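Visitor: Here is how the chains run, residue by residue.
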Amino acid sequence: MPPVDLLQGTLDVMLLKALSWGPKHGHAVARLIRDTSEGAFDVLDGSLYAALHRLEERGWVESEWGHSDKGKRPKFYQLTSVGRQRLRSEAVIWQRYAAAVGKLLSLTTQPVSRGAEA
Amino acid sequence: MPKRKTPAWRRYLRFWGPDLGADVSDEFRFHLDTDIEELVAGGLSPAEARAEALRKFGDASRFARDCQASDARRAARTRRSEAADVLRQDLRQCIRSLYRQPAFALIAVATLGLGIGANTAVFSVVNGVLLSPLAYRDPERLVVLWETLPDMPQILVSYPNYLDWRKRNRTFEDIAIYNGFESFNLTGEGEPERVSGGLASGNLFSLIGAEPALGRLIGPGDDQLGAEPVAVLSDGLWRRRLGADPKVVGRAIRLDGGSYQVVGVLQPRTRLELANVDVWIPIAPLANTPRFSRANHPGTIALGRLKPEVSLAQMRADLARVAKQLQEEFPRENAGVGADGAPVTEIASSGIKPALLMLAGAVGLVLLVACANVANLLLARAASRQKEFALRSAMGASKGRILRQLLTESVVLALLGGALGLALAWGGVKLLLALQPGNIPRLTEIGIDGTALGFAVAISLVTGIGFGLFPALQAARPAALAALREEGRGATGSRGSQRLRAGLTVAEVAIALILLVGAGLLVRSFANLTRVDPGVDPRNITAALIRLPELRYPEPTRQRALFAELMARVQAEPEVESAALTSDLPLASSWQSGASFEGLPPVVAGRQPLLNGVIVSPGYFATMVIPIIAGRDFTAEDREGQVPVVIVSESVANRFFGSESPVGRRMKLGPVDSPGPWATIIAVVGEVKNDGLATLTPRGSMYFPMAQQGGETVWVVVRSEAPAARVGAMFRRQVATLDRELPVTVLRTIDQLIGSSVAQPKFSTVMLVVFAGMALILAAVGLYGVISYGVSQRTREIGVRMALGAQRKTVVAMVIAQALVVTAVGIGIGAVLALAGGRVMGGLLFGVKPADPLVFLLVILGLGTVAILAAAVPAVRASRIDPCDAIRES
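Going down the list, the protein sequences come from chains A and B.
Numbering-wise, our numbering puts 577 at position 64 of the first sequence, and it's gapless, one number per residue.
Numbering-wise, our numbering puts 692 at position 582 of the second sequence, and it's gapless, one number per residue.
These are computed hints drawn from the structure, not numbers from a lab.
On a predicted model such as this, the values are computed, not experimentally measured, just so you know.
Where a beta carbon is used, it is the ideal one built from N, C-alpha and C, also for glycine.
Reference listing, derived: stretches of chain A covered by chain B, where coverage requires no fewer than 3 residues with Cβ under 8 Å from a Cβ of chain B:
| id | region |
| --- | --- |
| 1 | 539 to 545 |
| 2 | 554 to 563 |
| 3 | 566 to 580 |
| 4 | 585 to 594 |
Calculated pairs, SDA-like style, for lysine to any residue (alpha carbon to alpha carbon, straight line, at most 20 Å):
| id | chain 1 | residue 1 | chain 2 | residue 2 |
| --- | --- | --- | --- | --- |
| 5 | A | K585 | B | E147 |
| 6 | B | K166 | A | D555 |
| 7 | B | K166 | A | E551 |
| 8 | B | K166 | A | F554 |
| 9 | A | K537 | B | I146 |
| 10 | A | K585 | B | F140 |
| 11 | A | K585 | B | I146 |
| 12 | A | K585 | B | A174 |
| 13 | A | K585 | B | D133 |
| 14 | A | K537 | B | S135 |
| 15 | A | K537 | B | E148 |
| 16 | A | K585 | B | S135 |
| 17 | B | K166 | A | L557 |
| 18 | B | K463 | B | Q264 |
| 19 | A | K585 | B | P156 |
| 20 | A | K537 | B | F140 |
| 21 | B | K166 | A | S550 |
| 22 | A | K585 | B | E148 |
| 23 | A | K530 | A | I606 |
| 24 | B | K166 | A | R547 |
| 25 | A | K537 | B | L142 |
| 26 | B | K166 | A | S560 |
| 27 | B | K434 | B | D450 |
| 28 | A | K585 | B | A151 |
| 29 | B | K166 | A | L524 |
| 30 | A | K585 | B | G131 |
| 31 | A | K537 | B | E147 |
With the sequences and hints as input, model every part of the structure.
Guide: Written out as structure tokens, the structure reads:
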């Protein structure tokens, strides 16, 4: 199955989720998303950074320069409390959305319209 | 949490804000390096690993741009919110510290409120009168034109001369003419009413760019002999008399008995100089009446619009050329007649301009005193807060931060003062207008509007920073901030600030002196003005103006008959002591004419002396109590068909006949060879200030008997003990019995007339006295503050002196002497400045020199007294210092 392009909002919620277990630098975030999605979407690493900076601009994540064992300068991102709330509400919306799409796609017969009753 | 470690150079850079570009490329490099390492560990060659990592990353430069843009927006927002935080913190601190010292805050705000309020009030007057643009299209190119005579720099324009100017000039796009001094009897539909009228040439309204609110305005087609009579109404008359009827266009109104069709209504903002007109009608249909002949100047003003690029000098030359042609063509009527003009923008405010500029300057000085006072308060406060600042500085607050906090305080004070000032100004302008400043043009355009509001805010900010900067700099000096370390009382810092405070007080005293001298001069000048003998006894005189419409009273005989009948009836009233008729009231001469005397060396044509002409009935001199120095009053026998007679005033007799009596000699209007008849001088009467009270050398007057001159517009003057209102009612009743359609609208006493003639100087005087009083009080408060502060600083020294045997008296004298030194320096500086600047006042003064010694002496004595009073309280306090306490405490 070829990878699909991601909707912008989808990428944001995935980044928030990836950071929900604690501070991570960009490379770790990229690895986590690549590993869990098992190649389902095609995300350029660069666009992850653009999205992280955008989230930081909105105040959902904050960043801090760290230092890794090899003397390089990774930048660590972590959720702010606003970001955490955002993740919760986005996740609910996403799950509802996915469930609805899934339900529709798994239908085998056309459902009876209930609009008239309401 | 990862530990923060930034290279030294980055930290240095971060001082100027984050380096966004470097940050993003650091971040990307870390990602790519890590990726390459992992890929190499997974078995790829370094080159392959690098290519793969870059492929997975995508277009790095594009993503870097996106990241940097996000970062930059975030950084900007952080900076803004940090600045707002600092401001909020400063404000909170400021309010808390003002709250702790409410007396200080109240005094400062009240002082600034007074200063800003007075300035805003005066500004709104100046703005309304001098600054805001006139309601004309391109007023810069509009010029008011007049004629000149050798001894009269401005006379009104004769209509035929105007027509010739218009035809022959080369510098004007067009010239219009109007007369705003007419009046009509408006009859039909309710009470007859005298309305002010204007005559307009057909091009007037298009020349000034006036627009109709309804219908159309008078155009060239209306301004012709034989055209349908039309009228244009002012907004005021349309609302008042016609109930703002939107269908008024096409209706007919009756003016002086004639029918005119209303063709339009002017917009309310349309205004012409020297014209407060209710009804406009075209001028040309009246041009053939004798009043509009070439030798007459019937109240007409010409208004020209200059061609582009034409200078005033070119205009003058052009007018002079035309005037010269007309002198040659009409040697009799135009002898000596020149032409001149000035931009309407100058004319509009010329009368009141010097007084207003003087007041604006004065009120600015009041604000300076207020600022000096508040700066003084702040300096004292800063000195007492030195420890606080030293502590904050020790805790890491920068000098800039402390400076900013202090400036925030002063700006907050100034804005509070500005708010109070705005309220005061709002009330003040009402008060100003209630004072009836008299002859201030465009008075209705005055009010606290957006411009005045902006002005108040602007001067609040400027003064806030102005008076706050000095004390703030003083307090934030490194020496002052080190006070904590010194353990002492910070005495080194306070000496400089004490000197500064004394300097400010000197300035206050100097400014107060300047204002007091100005006020004193105006008061003396005003007193002189009111002491001027008008030449008549103004008490118990009521005057009413009657104008007979030409249509119903076309011949002089009918006019005279009606006036004679009215006189007889009025004089028969029991409460009337005496009554008479006159063409002009005292102080308000409206007719001047050249005159020649028989037997005297003839004067050059066009250079005859110009005298005020007044036409009066018998009994006028007795009614007005004008002494008859020689000869006899007019009698009923001095009528048409009899020998023409004239009475001259004392100054005319002295000027032309010296010690000889002029009685029996003859004179005539105009040059010796003019066609008018010779009139025999039958009497010399006392001089009346017919040119206005402030005239030092009266022009001189000649009086003609009404029965030989006639006239359809006449003042009736009645001397009666009864109140003016009762006399007025009686008068209206008598007029109504003679002619129900004759309106009598102008009723005033001569006292009122004199009062309104000095209204404008009175206004300036009252205002300047108020401002000077404000400055005096503020200066006294400032002096008091400095002296008390000085005393509190010297408690120990005074205690020691007293312990060493100094007497209380000596201490009091010492403190007062200190105050007097400050005052004397201020007085010296102020006196020099007042003497130097006195010329500015010259034009506003009457009968008093700018360097009037009495005024200076009184002001200096007064200031000295106030200084002693201001110093007395702290001096007494100093003398009560207990030496033991003072020495122990320190």
